[in-house]
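So the sequence lines, in the order shown, correspond to chains A and B. Residues 1 to 226 in my numbering are what the first sequence lists, from first letter to last. Residues 1 to 302 in my numbering are what the second sequence lists, from first letter to last.
The hints are simulated quantities; they were obtained by calculation from the structure and are not laboratory data. Do not rely on the hints blindly, as some may be mistaken.
Said to hold, decoys possible - DSBU-like mimics (lysine-lysine), calculated; alpha carbons at most 35 Å apart, straight line:
{"hint": "1", "chain 1": "A", "residue 1": "Lys67", "chain 2": "B", "residue 2": "Lys10"}
{"hint": "2", "chain 1": "B", "residue 1": "Lys10", "chain 2": "A", "residue 2": "Lys92"}
{"hint": "3", "chain 1": "B", "residue 1": "Lys94", "chain 2": "B", "residue 2": "Lys77"}
{"hint": "4", "chain 1": "B", "residue 1": "Lys10", "chain 2": "A", "residue 2": "Lys88"}
{"hint": "5", "chain 1": "A", "residue 1": "Lys129", "chain 2": "A", "residue 2": "Lys93"}
{"hint": "6", "chain 1": "A", "residue 1": "Lys220", "chain 2": "A", "residue 2": "Lys55"}
{"hint": "7", "chain 1": "A", "residue 1": "Lys129", "chain 2": "B", "residue 2": "Lys94"}
{"hint": "8", "chain 1": "A", "residue 1": "Lys92", "chain 2": "B", "residue 2": "Lys298"}
{"hint": "9", "chain 1": "A", "residue 1": "Lys129", "chain 2": "B", "residue 2": "Lys10"}
{"hint": "10", "chain 1": "B", "residue 1": "Lys206", "chain 2": "A", "residue 2": "Lys23"}
{"hint": "11", "chain 1": "A", "residue 1": "Lys93", "chain 2": "B", "residue 2": "Lys206"}
{"hint": "12", "chain 1": "A", "residue 1": "Lys52", "chain 2": "B", "residue 2": "Lys206"}
{"hint": "13", "chain 1": "B", "residue 1": "Lys10", "chain 2": "A", "residue 2": "Lys128"}
{"hint": "14", "chain 1": "B", "residue 1": "Lys298", "chain 2": "A", "residue 2": "Lys88"}
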Amino acid sequence: MITFSNVSKAYNNHEVLRDISFKIEPKEFVSLVGRSGAGKSTLVRLLIGEDKPTKGRIVFGPYEINKLQSHELPEVRRRMGIIFQDFKLLPKKTAYENVVFAMEVAGRSEEDIDEAAPQALELVGLGKKMRNYVHELSGGERQRVAIARAMVNQPDVIIADEPTGNLDPVNTWGIINLLLKINELGTTVVLATHNKDIVNQLEHRVISLDDGMVIRDEDKGKYILT
Amino acid sequence: MFTTLARIIKYGFQNFWRNGLVSFATILVLLLAVIVFQGMMLFGEIGRQAIDAVQDKIDISVYFVSNAPEDEILRLKEALLTLSEVKSVDYVSKEEALELFKERHADDPTISQAIEELEENPLRASLNIKAQDPNQYSLIAGFLEGDASQNIIQEVSYSQNQVVIDRLAKVLSLSRKIGVLLTLVCATVAIIISFNTIILAIYSNKEEIAIMRLVGASNAFIRGPYVIVGIVYGVIAVLAAMIIMAPFIYAASPYVSVFITGMNLWGFFLGSFFKFLGYNLLFGVGIGVISSVIVIRKYLEI
Chain A
1 MITFSNVSKA YNNHEVLRDI SFKIEPKEFV SLVGRSGAGK STLVRLLIGE DKPTKGRIVF
61 GPYEINKLQS HELPEVRRRM GIIFQDFKLL PKKTAYENVV FAMEVAGRSE EDIDEAAPQA
121 LELVGLGKKM RNYVHELSGG ERQRVAIARA MVNQPDVIIA DEPTGNLDPV NTWGIINLLL
181 KINELGTTVV LATHNKDIVN QLEHRVISLD DGMVIRDEDK GKYILT
Chain B
1 MFTTLARIIK YGFQNFWRNG LVSFATILVL LLAVIVFQGM MLFGEIGRQA IDAVQDKIDI
61 SVYFVSNAPE DEILRLKEAL LTLSEVKSVD YVSKEEALEL FKERHADDPT ISQAIEELEE
121 NPLRASLNIK AQDPNQYSLI AGFLEGDASQ NIIQEVSYSQ NQVVIDRLAK VLSLSRKIGV
181 LLTLVCATVA IIISFNTIIL AIYSNKEEIA IMRLVGASNA FIRGPYVIVG IVYGVIAVLA
241 AMIIMAPFIY AASPYVSVFI TGMNLWGFFL GSFFKFLGYN LLFGVGIGVI SSVIVIRKYL
301 EI
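Please model the complete structure; the sequences and the hints are all you need to start from.
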């Protein structure tokens, strides 16, 4: 489903990713771990087409991400659900409107929206707060809205970049459990994190990055950085 | 397609209301720009009519010898009318000239009595010629000098007024150029200020644009609502400017007609209301839409 082949990325002659190669199969749950500055976020940016690699090839389903033109990107993004540490919700909209917006840009019908949007918010535990504006929600609740928005279009993959970075332990596990539930339902999940506890308890595949290189890639791996 | 358009329009109006303060500030700036544009249009019309009024007072007269045959004079009139430089030619016969003279001096008994005592009409027939452009009088004078009817022409007023006419022609030409330049400068300033205000208004939403891209909004879906907002800004600014300006134009109209005889500013405003509204909408909405499209483009590149 996702293939990185000899991908490198440099900013001003400084290489932040070096010769990265890996493959992620459908329905996998993969943790991407590494210290701050290891290159996790750069890798995520390349995967979602926000930036282009200096070298190498990135394939997602039928799309060659590194060759995408600006106008082709929206179609690809609709097949990905993206979650960030800072939530990236539309600030002047309610929780419900944020989820609906993602559905409307994907061209879903009104009937579809009326049915699926409340369902997604119920699933993340925000059924009673769906009419609240973003600023009226706590950090954990905002991240739940972001997850509802990411999954509502039934994407092929959920890409989460440090989704628990701003949350307390209780909310952290709430979010991780939601991602696990989504994965159990058949959606591929790529989780970039530097939270050792989470990775060690998940017992899923772990790709470890250090200094822009893949140093370990293990099924049922642990958070080990040497 | 229709659903997407309806959604774009919905988000446009939603953005407009939810960014209330930014919308208000942008409309205010655009309103000032439209008022400057309207002022330029009105001053342009006032200037044009003032120049026309002065231009209309300039003419050259050809006076004929007293025994000049009328058919010869009328032949010359027809020949003059074939020239593209000539706007109009009025023939004043000896008898008409005398009647005009009597009318003009009806209150002066000495002159009236002196005229009555004369056995012969001392006045001469004449042709009053108006050119399309004041610069063309020298060409018309040149034509008269070369015409076969030289022997019946006694005098051409151009030679006496040449310096005044030429100077006036230069002043009028300069006034037109200054008018155009002033309009261009004011319109450019208004456009730049409005343009920058809209750039800032959209810049404050750049985070939001990035999020829209993230969830897979197409370029048209991101650009559309901002274009709608640009149109709304323009329409509101133009309507407000029309409402604000109308009473001022009504009040200023009598004063303008004192300086420029025959000019009815309020009549001009009402008569060309839809043309006026159209140009203003083109200006206001044009700025709103073009600046939105240009700024958004910057955020749609990878």
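Hint check:
no., hint, in the structure
1, A/Lys67 x B/Lys10, "holds (34 Å)"
2, B/Lys10 x A/Lys92, "holds (14 Å)"
3, B/Lys94 x B/Lys77, "holds (15 Å)"
4, B/Lys10 x A/Lys88, "holds (22 Å)"
5, A/Lys129 x A/Lys93, "holds (13 Å)"
6, A/Lys220 x A/Lys55, "holds (30 Å)"
7, A/Lys129 x B/Lys94, "violated (99 Å)"
8, A/Lys92 x B/Lys298, "holds (22 Å)"
9, A/Lys129 x B/Lys10, "holds (23 Å)"
10, B/Lys206 x A/Lys23, "holds (34 Å)"
11, A/Lys93 x B/Lys206, "holds (15 Å)"
12, A/Lys52 x B/Lys206, "holds (21 Å)"
13, B/Lys10 x A/Lys128, "holds (25 Å)"
14, B/Lys298 x A/Lys88, "holds (20 Å)"
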